[in-house]
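Peer 1: Residue numbers (our numbering), protein chains in the order written: chain A, 1 to 643; chain B, 1 to 344.
Quick caveat, the hints were computed from the structure, so don't treat them as lab data.
Quick caveat: nothing in here was measured; it's all calculated off a predicted structure.
Note that beta-carbon positions come from the ideal geometry of N, C-alpha and C, so glycine has one too.
Be aware that one or more of the hints could be misleading.
[As the list claims (entries may be wrong)] FRET-style restraints, in silico, Cβ to Cβ:
id	chain 1	residue 1	chain 2	residue 2	range
1	B	A256	A	M238	51 to 61 Å
2	B	D204	A	N146	15 to 25 Å
3	A	N146	B	S312	22 to 32 Å
4	B	Q76	A	G167	50 to 60 Å
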Amino acid sequence: MSTVENISATTPHLDRHERLSLTWGDPPGILGWFMTVNHKRVGKRFMITAFIFFLLGGLLAVLMRLQLSRPENHFLGPDKYNQIFTMHGSTMMFLFAVPMMFEALSVYFVPLMVGARNIAFPRLNAFSYYVYVFGGIMLWVAFVYNAGPDVGWFAYPPLSGPAFTPGKRADFWAQMITFTELSGLAVAVEVVVTVMKTRAPGMSLNRLPIFCWAEVITSLMVIFAMPAVMLSSTMLIMDRLIATHFFNPSEGGDALLYQHMFWFFGHPEVYIIFIPGTGIVSTIIAAFSRRKVFGYTALVLSTVATGFIGFGVWVHHMFATGLPQLSENFFTAASLMIVVPTGVQFFCWIATLWSGRLHFELPMQWIGGFFFVFLIGGLTGLMLAAVPLDWQVHDTYFVVAHFHYVLLGGAVFPLFGAFYYWFPKITGRMLGEALGKLHFWLFFIGFNLTFFPMHILGLRGMPRRIYTYPVEMHWGSVNALESIGAILMGLGVLAFIWNVFQSNRFGRIAGADPWGAGTLEWATTSPPPNYNFLDLPTVGGREPLWENAPDQPIVTGVREDMREVLVTRPMDAEPEHLTLYPSPTIWPFLTSLAVTGLFIGSIFTPWAVVWGAIPVAITLTGWFWPTKKETEEKKEIEVWENR
Amino acid sequence: MNLFRHNSRVFGIAAILWLASCGGQQPQQTMFRPVGPMSARIEGLWWFIFAIAVAVFVIVWIFLAGAAARRRVHEQLPPELNPDPAREQRYLRRVMVATGITLVVLFAILGHTVVTSKYMNSLQSKNPVTIQVYGHQWWWEVQYPNDDASLWVTTANEIHVPVGVPIVLQTGSRDVIHSFWAPNIQGKRDLIPGHSSAIWFQVDKEGTYRGQCAEFCGHQHAHMAFYIIAESPEKFQAWLDQQRKPAPDPANATLAHGKDVFEKGTCMMCHTIRGTNAGSHVGPDLTHIGSRTSIAAATLPNNPGALAGWISDPQAIKPGVRMPPNPLTGPDLQALVAYLQSLK
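Extracted from the complex, chain A is given alone in its bound form:
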C-alpha cells in the first residue's frame, strides 16, 4: 500500500494542516530522531551543537586568561597551554564560527525566507550534521585523553610534521578539518540549490532577502575555499602517516607552500564567518528602522565584491616570510581595496538608520555593539595591511586583539542579535528583556576590557602564543585586567543561557511576527510547522509581508499527500516544474558512521582507507536504493503529469 493511499484515500477526514503534518513529519521515537531530514530540526541541532562548542572554546579561553593573569604563572605548563590555545582556535573557527554563522543559520532560515517546504537535498543535510558532530567529538575526545593538537590552529609544518610532533596529536587536528569541511561543502551545495531553484514564485533574484544573499555568497566562497584546506591538511597528514614529504624541506618539500595553501582558504574563511554577520545586520536594521534597507543593490554587490576580493588577500598573513616588495605591495593594495565594499555597506546601514524610524529593541543593541567593535577591528586591519607596520605587529597580541575585534564584532555580536531576533520564531516565545540587557552589557564591557588592552601589549612587544612571560617585562598588570574582562564575558554568556532556559518555558508568547518584520519566515506560525507554510506563498516585493497585495495569490496544485515541492527558475523564480523531496531515513546517519570509521581509522593505519571503503559503499547504496513507497509516489506523479 503506497503512502498516497495511506494519507489521501484512507484519511479523507483530515484537514490540510493534519495532512501536511503527516506528509512532512518524522517517524516517532528515538529512531525517528536519527531519521529526520527536516531542515528546522537539523538546523536547531547545528545551532545547539555549535553553541556547545562555543562554550567549550570559551572555557579554554578562560583557562588561558588564568594562566596569563600573572607573570611566571605555573597554573598550566607549556604542554597543556599549547594544546589549549590550539583547541581554542580550532574549536572556535571550525566547530563554532563556520557551523554557526553559515551552516546552522542558513539551514534553518534560508528555506523559510525563500518560502520553501524544506532545504534542497535534505538527506545530505542530515548527513552533513552527523559528520560535523562526529568530527568535533573526535577532536575533543582526543583532547580529553591528552592527545589534543598542540601546533596552533593553522598547524604550520615543519613543526606539525612527523619530525617535530610525533604521536597522533596533529593527525586528529588534520582529520577534524576533513570532517568539518566535508560538512561545510555539503551545506554549501544545499544552500545554493535551495536559493537558486526553490524560491517562492515572484521572488526574483533582486527580491531575495539580503540575509539569503549573504548565505549564498558564503556558500560559493565555501565551495572555492574549503577544498584548499582539505588538500593542505590531507597533504600534511600524508606527510605524517605515509612520509610523502610535501612540506619537508630536507627532502625537497616546501614549508612555505603549506602557508599559501592554508591561507588561500584561511582568509576567505574569515569572510565566510563575517558575511553572514553582514546579512544579519542588514536584516535587523531594516526591521527596526521600519523601512526597506537603503541601497539594496549596493549592499548585495558589495557582498559579492567582498567574496571576490577575499580570495586575493591571503598573502597579508605571510608578510613576515620575506616575499619580494612588489608582491607584498600588491597584497597591501588588495587588502585595502576590501575596505571599499565594507565601507559602502556601513554607509548604506547608516543611511537606513538615519532615514528610518528607529525602534530600539534587544536585537538592536547587539547591532550597536557590532558597529563599535567591528569598526575598531576594521581600522586596526588597515594597520595590518601596511607591510612594514605588519612586520612589527604580526604574531603579537596586537593581532590577537585585531582578529577578536573583527571576528567577535563581525560574527558574534550580530549572532547574539540574531538569537534575540529569531528566538521567538524558533521557540514561539520572546527572550527576557532584563537578562538580555544584563547579557549585553556584561559581554560588551568584558569584551573591550579583555581585548582592547591587547593592542597595547602587542605594541609593547608581547608575542602571541607564549605560555608565560618574565616579570621584568611589566606585562603583568595589563594581563590581569584582561583576565577580569574574560570573566565578565563568561558571566554575560551565563546570563544568556539562563535567559534561554527561562524564556523557553515562561517567556512571553511571541505570535507569528512580533517585530512586524517583512520577510517570509514571519509569515508562518512560531514555531513553524514541519511543512513550514500552510499556503505556499508568492512574493510581490523585497519585504513580502509589507509589500504583498491584499489579494496576493498563493501557490496551488502542489500535492499535500506526498513531499512534492515547486521548482522555480534561478533568475525570475517563475514556476518550472514539480519534484519530490526524499522522505526520512536512517541511511545518512549510517553513512556518517561509516565515513567516521574510515576517517578515524586512517589516522592509525592506511588500510582503513581500503577496508573502511566497504561500509561506506554499503551505506551509500542503501541511501540511494529506491524504496517501494518512493517508486509508487513517482508513478503517481507520472500519471498526474500525463493527464
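Model the placement of chain B on the given structure of chain A, informed by the hints.
Peer 2: Same frame as chain A, now just chain B:
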C-alpha cells in the same frame, strides 16, 4: 613624517598609549622607542594610520549617534513603504561622496605604505657588518663569518653590533619556523627552513635591546629571547677580537677540574668550547659563555647560582628543552660552574 607623528600625539588616546608604553623599567622591547632608522620610519607609519583610524571612528560614531537620536520612537510603527524619493536621492549622493573619501584615504595609506616599504629596502652597503643568525628550538645561533676560518666566531643568544653602520643578518632555521623580532630596531622576519632571508638594519643608539621569537615554534616558544647589544665600533671590535680567541686554559685546579667534568661528562656531547676537546654543534657554543649576560636564550641572568640550577635541572626551568638533567655532585657542579664563568 616627524611632523605628523607629533601632531597626532595630541590625541588623548595617543597620549595614554604613549604613557602606557613608557611606564616601568621594562627591558627595551617596544616599537615605541625606535633606536634605528627602520623602526623610526615604521613608527611614523603607525602614527599616520592611527590618526586616520581615530578620525574615521569618531566620524562614523557621530553619524550613528545622530541616527539613533534623530527619529527614535518607542513603539513599533508600521513600515514606511515609499520613502521620499528626493531624500533617497540625496542620501545616495552622500553615500557616493563618503565612498569617494574612503578611496582617497585608502590611497593615502597605500602611498605611505609603499614609500615606507621602499625605504625598508633602501639600506644598502657594499661593506655591511654581516652576521648569520639561525633559529633552533629554543635558542639562537649567532655567527660572525670571516674568510679566515680561524677568525670565524660562533656564539649564541646575544648579538653584538656596532652603532651607526648598516648591518645585515643572514638568517635561516635549523629545525622549525622561527621569527626574529627586536621591535626597537626593525620589524620581524620569519626564519623558514629551506629558505634564507636577509634582514637589514642600523642601530643609532648604544644600549641593550631585547627581542623574542614571534612564530610559534613548540614547547618553549615563550623562552626564546635574545639581546642585541649595540656598542661603539671600538668596543664592538674589542669584543669581536676577544671572541675570536679560543677558550683560555684553566688557571687553577678548581677550573681544571671543571674542564674535566665538562669533557668527561655529557656536556661535550652537545656543546663546543673551542680550544678543548668539546666540538659538538647540537647546543650553543660555550667558548666565551662567561662573557654573556644571560643564559638559556635570555631566560636567566648569567650568574653562578642560575647557571648551577640550569645545569642540574634545565627541565624545571624550560620544560621540554632539549638539554637533559645533569645530576652532578656538589663539588663537580661548583667546579664546572666556576670553569664556565671563567670563559670570558
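Peer 1: For every hint, state whether the structure bears it out.
Peer 2: Here's how the hints hold up against the structure:
no.	hint	in the structure
1	B:A256 x A:M238: 51 to 61 Å	55 Å, holds
2	B:D204 x A:N146: 15 to 25 Å	50 Å, violated
3	A:N146 x B:S312: 22 to 32 Å	28 Å, holds
4	B:Q76 x A:G167: 50 to 60 Å	59 Å, holds
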